[in-house]
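Novice: So you can see what is in the structure, the chains are spelled out below.
There are 2 protein chains.
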Amino acid sequence: MAPRKEQQIFQATLELLAAKGYEGLTVEGVAERSGVNKTTIYRWWPSKAALLAAALVEADLLVSAPPDTGSLRGDLEALLRGVAALLTSPPAADVAVAALGAAVHHPELATAAQRFFADRFAREEAVFARARRRGELPDTADPMLIMDLLAGAVWLRAVFRGLPLDDDFAAGAVAAVLDGVTRPKAADAAKSLGEVP
Amino acid sequence: MAPRKEQQIFQATLELLAAKGYEGLTVEGVAERSGVNKTTIYRWWPSKAALLAAALVEADLLVSAPPDTGSLRGDLEALLRGVAALLTSPPAADVAVAALGAAVHHPELATAAQRFFADRFAREEAVFARARRRGELPDTADPMLIMDLLAGAVWLRAVFRGLPLDDDFAAGAVAAVLDGVTRPKAADAAKSLGEVP
Chain H
0 MAPRKEQQIF QATLELLAAK GYEGLTVEGV AERSGVNKTT IYRWWPSKAA
50 LLAAALVEAD LLVSAPPDTG SLRGDLEALL RGVAALLTSP PAADVAVAAL
100 GAAVHHPELA TAAQRFFADR FAREEAVFAR ARRRGELPDT ADPMLIMDLL
150 AGAVWLRAVF RGLPLDDDFA AGAVAAVLDG VTRPKAADAA KSLGEVP
Chain U
0 MAPRKEQQIF QATLELLAAK GYEGLTVEGV AERSGVNKTT IYRWWPSKAA
50 LLAAALVEAD LLVSAPPDTG SLRGDLEALL RGVAALLTSP PAADVAVAAL
100 GAAVHHPELA TAAQRFFADR FAREEAVFAR ARRRGELPDT ADPMLIMDLL
150 AGAVWLRAVF RGLPLDDDFA AGAVAAVLDG VTRPKAADAA KSLGEVP
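Just so you know, the sequences run in chain order H and U. Everything in the first sequence is counted per numbering that gives the first Met the number 0, starting at 0 for the first residue and increasing by one. Everything in the second sequence is counted per numbering that gives the first Met the number 0, starting at 0 for the first residue and increasing by one.
These are computed hints drawn from the structure, not numbers from a lab. Fair warning: this is a prediction, and the values are worked out from it, not measured in the lab. We put the CB at the ideal spot given by N, CA and C, even for glycine. Take these hints with a grain of salt, some might be off.
[Stated by the list, open to error] Calculated Cβ distances over 12 Å to all of chain H for the following chain U residues: (1) Val35; (2) Arg72; (3) Arg80; (4) Pro89; (5) Ala91; (6) Gly100; (7) His105; (8) Phe116; (9) Phe120; (10) Arg132; (11) Met143; (12) Asp147; (13) Leu148; (14) Asp167; (15) Ala175.
[As the list claims (entries may be wrong)] If the Cβ cut is set under 8 Å, some of the chain U residues that face chain H in the computed set are: (16) Trp43; (17) Ala49; (18) Ala53; (19) Val56; (20) Glu107; (21) Ala125; (22) Gly134; (23) Leu144; (24) Leu177.
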């Protein structure tokens, strides 16, 4: 299928999911909204779960290239701002939150969510590989745990607590995980040494 | 209402939610399952959302006293094992995951989820207050961020990635946040100093 047509179908799938929920998502509705024949869609994706799984992993709306800012801290802050935007800025947020929320209830959609996270992590690994080459990350550090901590914090704060993510959230969360919360912060350490008024 | 009767109603509410989802939850169903008259339930909780909100915060099934192990590390590991059990061990997990997943779609339930997390955090604060008194945590550390990182990691790993939480997960996540992932681990540092064969 032509990439542009495929993206139209994915876009229609995600819009319909955001508007009507997983229960309201149908291949018929996607056909209508995208202007692509229903039987053509079924030929490529045998079910709405398969279609949504493909859309979650391949739709331009939800895909972003991993950052390369020159430092692990900069890359993780950029990644985290991306996760925050994905979960709080429409239209991507309407789609991402609806899909991930629905994945909790629908086993066939849970597989799609797992593919979505596995695919993201495969791309995020470049960030950690570069950090190791620069000597910024010990070999014992666990990249998936780092991403679980950071992305999980955004989900908990924004979706479950319903609290706003201020500008400092990404920097604060990354500092906590990279430096540890028991280590005095650089500014405070300097202050206690009398280096800062 | 007598506490035992109230707990029977909450228990029935949560069981029904886990079995039938939020759409399938009705005050009539709770009345039938708990043996308490429907009009009595409505007198105390005017809607199924209000009833579920109360159950999420007050049901014995989901409430646990914050740990007091004598150290921040021990307390956070215990808290995190509690979150892991809540999200992965039935029957609490069926209820908690169903309720939190449904909160994403239903604004009136989102408020209940917010109360659930606010109530847990109010109890978790004792852990951080004790850690500060013991000098284990700088004043600049942000307890809510620490809980968002840790509990969020459990949610992401167990629910979204669908991966098992092994015994080391709680200890590893707590070590990452307390010590920082860029700090060499104690065992490795000792090894590099030749203290461990």
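Novice: For which of the previously enumerated hints does the structure constitute a violation, in increasing order of number?
Specialist: 2, 6, 7, 8, 9, 11, 12, 13, 14, 15, 16, 17, 18, 19, 20, 21, 22
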